[in-house]
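Engineer: Join these two chains into a complex; the hints should help.
Chains as they are written, first to last, in the numbering used here: chain A, 334 to 1367; chain B, 14 to 154.
Hint data in this document are derived by calculation from the structure and do not stem from the laboratory.
By construction, the Cβ of each residue, glycine as well, lies at the ideal position given by its N, Cα and C atoms.
There may be inaccurate statements among the hints.
[What the hints assert, rightly or not] Taking CB as the label site, the calculated pair distances span:
(1) B/A32 - A/E1144: 50 to 56 Å
(2) B/A32 - A/S731: 55 to 61 Å
(3) B/A153 - A/P1201: 39 to 45 Å
(4) B/A153 - A/G983: 55 to 61 Å
(5) A/A1222 - B/G56: 43 to 49 Å
(6) B/A147 - A/C1041: 51 to 57 Å
(7) B/G56 - A/L1301: 29 to 35 Å
(8) A/V1193 - B/G56: 52 to 58 Å
[Claimed, not checked] A short list of chain A residues far from chain B (calculated; beta carbon distances all over 10 Å):
(9) A402
(10) L437
(11) T547
(12) P648
(13) A797
(14) C1023
(15) G1065
(16) D1084
(17) A1226
Residue-level listing of the chains:
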Amino acid sequence: MLRVRLLGPLEADVAGRSVEQPASSRAWELLAWLALHPGEHPRGALAARFWPDVLDASARASLRSAAWALRRALGPEGADFLVAGRDRVGLRCATDLQELDELLDRDALEAAAALHRGPLLADLHQDWVLEERDRQTARLSAILARLAQEAPTPALAVGHARRRLELDPLDEAAARALMEHHAANGDRAAALAVHDRLAERLRTQLGLAPSAETRAAVAGVRSAPAVVTEAPGASPVIGRDAELAALLAMRSGVVVVRGEPGIGKTRLAREVLERARAAGARTASCAALELGGPAPYSMWSELLRDLADDLAPPPPDATWPDDLAVIAPSLPRRLGRTSVAPGARAAPEHARSRLLEAAVDAVEHAAADRPLVLLLDDAHLADTPSLELLAYVLRRSSGLGVLAVLTCRTTPQRPDLDALLRAHVGRGGELLELDVLPLPRGDVERLVASVAELPPEQRAQVIAAADGNPLLAIEGARAAGAGRNGPPESLQAVVRAAVGRLPGGARRAAELAAVAGRDLTLTEVGALASQEDVLRALDCGLLTAERGDFGYRHALLRDAALADMPEPRRRGLHEELAAALRGPAAEIARHLRLAGRDDLAAGRLARAARDAAAVGAVDEAAEFLREALELRPGDPSLTVELAAAEAYSGRRLAAEDALRTTLELLAPSEHAERGAVHARAARWYSAALCRPSETMSQARRAIAELDCADVVDPTQLASALALGAWGAAVTGRVQDADVLLARLATVDVTDPDVACEMANAHAFRALAENRLDEAVERFESIVGMPGPGPDRAYSVRANLACVLAAAGRHEDALACADGGVAEVRGMPSLLTPLHALRAKLLTRLGRLDAAREAIAQERVAAARSGDPSLVALADHDAGMAAYAAGDHAHAAALLARGLESDAAINRPLARLAIAESLARLGRAEAAEAELREVTLEPVGPGDRPAALVARLTHVQALVARARGDEVLAERRLQEAATAWRRQPSRAGGGDIASSLVDLGRPTLAPVEPARELERVERELRHAPDPGAPRAAVR
Amino acid sequence: MPPTRELHVPQFDDAAISAAPVEEVWKLLYDPARFPEWWRGIGTVEPRAHEGRGDFTMFTDGYPDFPMPQELRSDLSGRSVTVSCLVSDLVFAYRLTPLTEGDGTEIAVHVELPEEEAHRLETQRGVVRDSLEALAALAAA
Chain A
334 MLRVRLLGPL EADVAGRSVE QPASSRAWEL LAWLALHPGE HPRGALAARF WPDVLDASAR
394 ASLRSAAWAL RRALGPEGAD FLVAGRDRVG LRCATDLQEL DELLDRDALE AAAALHRGPL
454 LADLHQDWVL EERDRQTARL SAILARLAQE APTPALAVGH ARRRLELDPL DEAAARALME
514 HHAANGDRAA ALAVHDRLAE RLRTQLGLAP SAETRAAVAG VRSAPAVVTE APGASPVIGR
574 DAELAALLAM RSGVVVVRGE PGIGKTRLAR EVLERARAAG ARTASCAALE LGGPAPYSMW
634 SELLRDLADD LAPPPPDATW PDDLAVIAPS LPRRLGRTSV APGARAAPEH ARSRLLEAAV
694 DAVEHAAADR PLVLLLDDAH LADTPSLELL AYVLRRSSGL GVLAVLTCRT TPQRPDLDAL
754 LRAHVGRGGE LLELDVLPLP RGDVERLVAS VAELPPEQRA QVIAAADGNP LLAIEGARAA
814 GAGRNGPPES LQAVVRAAVG RLPGGARRAA ELAAVAGRDL TLTEVGALAS QEDVLRALDC
874 GLLTAERGDF GYRHALLRDA ALADMPEPRR RGLHEELAAA LRGPAAEIAR HLRLAGRDDL
934 AAGRLARAAR DAAAVGAVDE AAEFLREALE LRPGDPSLTV ELAAAEAYSG RRLAAEDALR
994 TTLELLAPSE HAERGAVHAR AARWYSAALC RPSETMSQAR RAIAELDCAD VVDPTQLASA
1054 LALGAWGAAV TGRVQDADVL LARLATVDVT DPDVACEMAN AHAFRALAEN RLDEAVERFE
1114 SIVGMPGPGP DRAYSVRANL ACVLAAAGRH EDALACADGG VAEVRGMPSL LTPLHALRAK
1174 LLTRLGRLDA AREAIAQERV AAARSGDPSL VALADHDAGM AAYAAGDHAH AAALLARGLE
1234 SDAAINRPLA RLAIAESLAR LGRAEAAEAE LREVTLEPVG PGDRPAALVA RLTHVQALVA
1294 RARGDEVLAE RRLQEAATAW RRQPSRAGGG DIASSLVDLG RPTLAPVEPA RELERVEREL
1354 RHAPDPGAPR AAVR
Chain B
14 MPPTRELHVP QFDDAAISAA PVEEVWKLLY DPARFPEWWR GIGTVEPRAH EGRGDFTMFT
74 DGYPDFPMPQ ELRSDLSGRS VTVSCLVSDL VFAYRLTPLT EGDGTEIAVH VELPEEEAHR
134 LETQRGVVRD SLEALAALAA A
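In isolation and in its complexed conformation, chain B is listed as follows (with noise of 0.2 Å):
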């Protein structure tokens, strides 16, 4: 029997409540174009695929010449959208779930980078965090 190699993705989990009902933030993370309103680090968005990869494309403030087609799903149950980056292979699955008391909504994370980008786990940490911030409020407004 050949020893099998463990896998390990790096990968991280984070959350957020925004006071707005689930509504207005499913609407924010099923726009692209409104993406660089709150995911920091997103320049611009095109609603289109780049040379027919992916739903639409992205561009960074660090790169804004490169185009980083993304494709986003939601699961079967609705629950859970996912944006995944056929570039880089960074996955973002959130999950939104309305608050049993008032209006507001829990924003969960789930992300998951290939092991050579292991390296940016904690810069995504950050990004993700503030950007989780900036999409509560954003929804609230």
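So here's chain A without its partners, still in its complex pose (with noise of 0.2 Å):
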């Protein structure tokens, strides 16, 4: 039996044999015209047909040779099927043309569809072929128009309407047809798109406009309302109904999808996405770059964007469109803003702070007057700062109605995404974790047979090769039911053949959608392709431009285009895409990398590490920088960047290493340079790591290598000089900060930031020598400087509260506390010690209610901030505020929970307090074994040992007294006195100076002698004291 196929490249078999092509082209002809006209033919019409301009004589001997050459082909039974008689030559054979025919009679449309593997006799080209191949292409054309409409569902519509139009992309009717079936299927983006294309083709290609019903058609689609159906494009939900029933009775909290690649994570998470937009909710989503090291924040940046875009205009008052600019530069325009005012400059950890308050603001906004739903595609790649942002935006919503849905495949492992998960539950929050298994068979089944309608066989083929795998199964089915070469054996397969049948254009911006490693934006994609190869790509259908982004429809078929691509066409795209996105420095850099330019790479990584420390990522910018040391070891502008991260992280170590590493860099003559790192290294042993000792000393050092430096920077020299002086004067060299100050004052300074610091330098000489008015002076010009950033507003406010308050004029002290929490509002982290401050400054002045409401304040901020010594601080303030208040059982409770923490906190002194609240509550054993741990605590300057040692004498009595030893407790009661009569009667300047260092916050003396002696002599006169219980402070 012969068979030929003619729907595609011409092919024949004979009992199963394939038929090889004859050297003879005219013989290949030959086979294709006779199988297309069944029966026997004249030799001399057959031969006038296919010789024309030779005598007839030629034509008939050409025929025959032609026919000889045939039936060798044909093989040993070539004779049986080649019928060649003296006067008229035929073919026997079957072929698919015939079988389309009895299809077409059964009216099997998708088989009959399917039949076409291509253009009819895709191979050949002569003037009778391409005749017979646009009646043919007519066909399928109706067959497939027929097959859209009687589409079960709009995306196999969609798909059908597609295939029409590519078989004739000029063919208005069928764009028209595609275009409609896009917008029914709820996706006007595409919808618009193929008009876009088909305007573009018909204008390059015919010079003309599109027709006045194809403009009245997108006409049509631009007006109608959007249709909420599913996800555009996306194929049904199938099989998940139990899964989709949980993840929709969520209503706010946190949904994990967890799965294997393709299992359908997305598809679910995104079917939620759009009922719960259905019904009303607001919904953003964002998913991770692939690419790895990413920028810190970039899932957030993605999502802010997309939340921007249904939002209405904040009021103009709301700094937080600004604030959040950092990570998300177009949100204030996106928000109906025409400027952005940028927030001032922060340390590391307050622009951290000040971020994570945006966001919150943010989405509580979104959430004000609809719930809000929020995908993270693909959290297993998050970045850090972005699953810290989410977590703290959870711990602050939780009643605000928001939804956060994450996908994760099951590897790798995220410890931190973990303990978020346990967090949010430990906090009583909603938690859902869904594992999305494999398909059983008659879900695959129903799957398969919604994407194509395939032959028993062939749709057996595609479920097998699935394995339970919706993605697998789309995949295989579409593919099959393209005709491409039958069910592919892997998806890789699927992709090579559908990427591999674009043209170049096409396909070039395909493969620089595999290789970007997320969706591009359409400006993004417009800088790299042109329109054309962009909808081009599109119709190859593996790519999808929802949501106005170009990209693969899953991660798992552009890993497939990747793992097809080869490695010098990969890293040329990787180095386009490095030249064109304008997208953070962090990806560029990765890009360069893949691109094996690491040249170029490491300035970008410095780029991004600066970036990163901008918006509080310190430990990520360490990162950049450590990486970018790999690709340029020993350049020391990257090792003294290195140094600062890691000291605003808080390793002092690895910052000390990185500086000594900087200054074996630099030659011992380069004296500016070396005279610049010593500057630096001083601000951050002053300001991250608030060491004094090593700030005077690293200035020192600054001022001595910019002496001998041919050029200085006077900002830079008198930096140095104001931070030295600042280091002498808390550490008590006061000699040696007055030197450094008068020749400060010989310099211009004309810096505001250099004036501040000259100013605080000033502050805290004064304060070494007790001169609080001037000290307090000092600190007052500080407020008075134009523009102080928050955490510098809140160290000035604090200081002059505090020293305002060793003066004796604590309601002025308090008016400052008061005016520093104005100025930080919005950020925890600086308004939990202020509130503290006030607390303590109100129970001074005896207003304990207020004193309550200060500490409650504090509490709630500490909370807000998530940071846990922050908490413990909170806790042991409330404890202080207990105590003093007389309710010893809240005290002692309190101040225990803040002491196993590790916060900066006066240990002896809370444990002092413990100790009496026990003794007064007549517990005098553990009041007894709280003194013993008092002398295992450590003691800082800033902790006044002599004044510790009076306050434990005191402790003691009480003791005794719970015991009954009345003489015992008088003894000590005397002890006790003449301890404190022997203390100075107020804390000096310098006391509030170690308290600075040793407690890293603001803080009033931690006892006052006068105040305690009073205690003792009421003791010892037996009156009662206001230390019983009295009121409770919690």
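Structural biologist: Structure follows, in structure tokens:
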């Protein structure tokens, strides 16, 4: 049996044996013509058709030769198939065209369409072939039009209509049909893209505009209301009813959808989003960058951009759009703002705090009028700061109706994500973890049937190959349905076949989308490829322009496209992307590295580190710098930045290592550079590490180097002098401080930051000699300086309040702290210590109710910050307030909780307060054990050791009294009174400075000797002590 | 490779047992105003810095007009308290350990002198011995 396949490249086989194409092309053409025209044909007519320009005898001779060659190609049975009589020639065979006719007679349209492996006789180009091909194309077009019309789902209809348009891209009727089906499928963007592509083709190829009918159709699409059905262009969700029901039952909290690649996590999550939106919720989504090493908060950057498009403009005084511009620069514009007001410069930890708060404000704004559903796709690849921000937002948004949907692969493990989820549950948050399993065979069958009608054998092959994986099932069915060489053996084969059929420009667009590692915005892709190429690439069915972004429908498809790409090609595309993209420096650096351009990548990584530090992501900044140093080892401009990043991460030893390396890399003669490095170190020793002694040391080295330099930056010198003077004053080296300040007075200081450092140094110099009024004056001068950042506003206000309190001006101190609260509003890490300070001031003023309120505010701010050490501090402060109010049971419990942490609290004093509370509660033994613990606590100068001794002695008296030993109690009280009398009556400026350095936060003098002595004397007189339980402060 | 100079720090250790509980010894060690009661050779103590230096200022019997600012610190474990003289660079690191039986306390001290004060090593041994005994007795009184 001879079988000839005409629908596609010409192929023939005899009893399953493939017929080799003969050397004579006329013989092969003859086979095609005879197969296409069944029956026997007169030799003369046939010869004249094939050889019209020669004499009849010659034509007949050529026909004989061709028939002979064909018969030989058909093999030993060739004479049975090729009937070549004296007058007539014909071919006995079965063809796919005959099969097509039979199928059409039975109205089996899907199978009829599937018979087409390509254009009729795709590898022949004679005129008669082109005419026949046009006819056959028209037949197939009609078949596909009917299939689209009768398709059970809009998605299936789109597939048929797209294939129809592929037959003739200038066919306006086919384009209109595809537009209509896209619109019916809820994908208006795709519908409009079809029109744009058609218009472009008509213009460039025919010099025509679309017809009136087409213009009317596109106008209809534009004006039609949005239809919310299932995800545009998406396959139906089949076999996931139980999962979907569980997901839709969640109203707030976190949902984690886990599973293997291609199992349907994203499809399921998107379905949840679509249904939530249809039910009135606001939604936004983002996906992780697949290249690795993303910019910090990159997921939120995308999420916020997506969210902004659906948000009402916030009130003009809302600062969050501008604060979030550091990670999403277009956000203010998207929200209708014409300009961005950048936030004042802040130290990294405060920049981070401001960013987190702004994100919370944004989410609150988005969730104010309707539920909010956020999708973080591929969270297993998320950058750590994005997960931290999610944790922060979740903690703050409980009760707001915010649902976060995360999709994750089962590997790699993400302990930070697991910790986030545990913490969320620990706070009482709702969590649903859903493992998406392979689909049962029955569901895969339904899924395949929903995508394409396949012959039973092909369908079985597709189902078996999918092995329960929906993506493989869908892509296998699509490929088989499109007639691409039978069912593919792998996803890679699907992608290879689809991308391989694209013309050069479109293939390049598809390859760029694979290499990008994320969806490209249409602006980005517009800079890299022509619209025509992008639209053609979309036609291959693997890519989508959903939501205005261009990329693969699934990460696995992208991976498959990548896997098929030769390495040199891939590198070239990465380099093209690096040059064209305007994304974060971290992303550009990644493309440069993948392009093999490490020489350029180091610079981008350094820039990425600066960007990361600017949003408080100092760990990530250090990581970028370490990577840059691997590419450019021995570059001091990188090591000096690394030192700062390590310092702001709190890793002193690593910072000092990097500092040492930097100095080793600089020649001794490079005085200006060495001076700049030391000046930089002085600043991070002062600000990030709070080590005054090292600050002074680095400042002095900076000054010595700068003094040897040919050209000196006066601002740098002034900064070194000011920081050195501060360090000297705080460590008690007042003469050194005076020398530095005297020199500083000769330098013309114009930089506002240095002016602040100078005033600060003068203030601490005054404090060192207890000149409180002068210190107040100096700090007040900083308050009046223009444009201080929130951290500077905080520190100067806090310091000023402490000094005012030390001077006995408690009301002024309180007003100052209140002013600080107003200035740092929205930054919990700064609000917490300020409220703590207010609470102490209010307690001293005897306004216990207000103190209680301040403590409550401190605890709220600490909880908002999410910083365990701030929470512990708040517990400690609440405990101290309870102790001051005589609420000893609560005091002991809260203080003990505070001591469990490693927060910077005055530990011996806290233990003494616990011991006293226990003694007053009559628990003598527990109190005594606590006193023993006091002797094991570290004691710093800010703790005023002698005062601790006096206090301990006082508590010993209370223990004795609790035991009924009045004689011993009396003796201890006398001893305590003597100890208190030896103390200076008021805390000196040096004590305040010491406390600041020890605890790293503003604090009042921990004890007031006069007040303490009064208490002891009252005990001696057996008068009731105000320390007895009085009012609860919690 | 340049030859390295081995640093030799003059130093010694001593210890005493007090019958007093650790809190009583601790009170004496952390209260500089009471140093003259047990530290041999210390005449007076002012509980304030001298010209901004140190935590308190000692005056010895031998040089009653010569202020010697001191720093008092404990290590992070809280078990060791160090008194450092900012003039002479003498360092006294005391360590208190409650005895396992009874209420007593072992008082151990490690003393370091600057190289230029090496000639005073034996004198300091005697001073420290006497002072430890006085401290142990005073705490138990």
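Engineer: If a hint holds in the structure, say so; if it doesn't, say that too.
Structural biologist: We went through each hint and held it up to the structure:
1. B/A32 - A/E1144: 50 to 56 Å: holds (51 Å)
2. B/A32 - A/S731: 55 to 61 Å: holds (59 Å)
3. B/A153 - A/P1201: 39 to 45 Å: holds (43 Å)
4. B/A153 - A/G983: 55 to 61 Å: The hinted range 55 to 61 Å is violated for B/A153 and A/G983, with Cβ atoms some 44 Å apart.
5. A/A1222 - B/G56: 43 to 49 Å: Once the Cβ atoms are compared, 47 Å apart, the range 43 to 49 Å for B/G56 and A/A1222 holds.
6. B/A147 - A/C1041: 51 to 57 Å: Distance hint for B/A147, A/C1041 holds at roughly 54 Å.
7. B/G56 - A/L1301: 29 to 35 Å: holds (32 Å)
8. A/V1193 - B/G56: 52 to 58 Å: holds (54 Å)
9. A402: Since the minimum Cβ distance to chain B is about 89 Å, A/A402 lies beyond 10 Å and the statement holds.
10. L437: holds (89 Å)
11. T547: Nearest chain B Cβ is 80 Å from A/T547, so the label holds.
12. P648: holds (49 Å)
13. A797: holds (66 Å)
14. C1023: Consistent with the label, A/C1023 stays out of reach of chain B, its closest Cβ about 16 Å off (over 10 Å).
15. G1065: Contrary to the label, A/G1065 does not stay out of reach of chain B, its closest Cβ about 4 Å off (not over 10 Å).
16. D1084: Answer for A/D1084: holds, closest chain B Cβ roughly 28 Å.
17. A1226: holds (23 Å)
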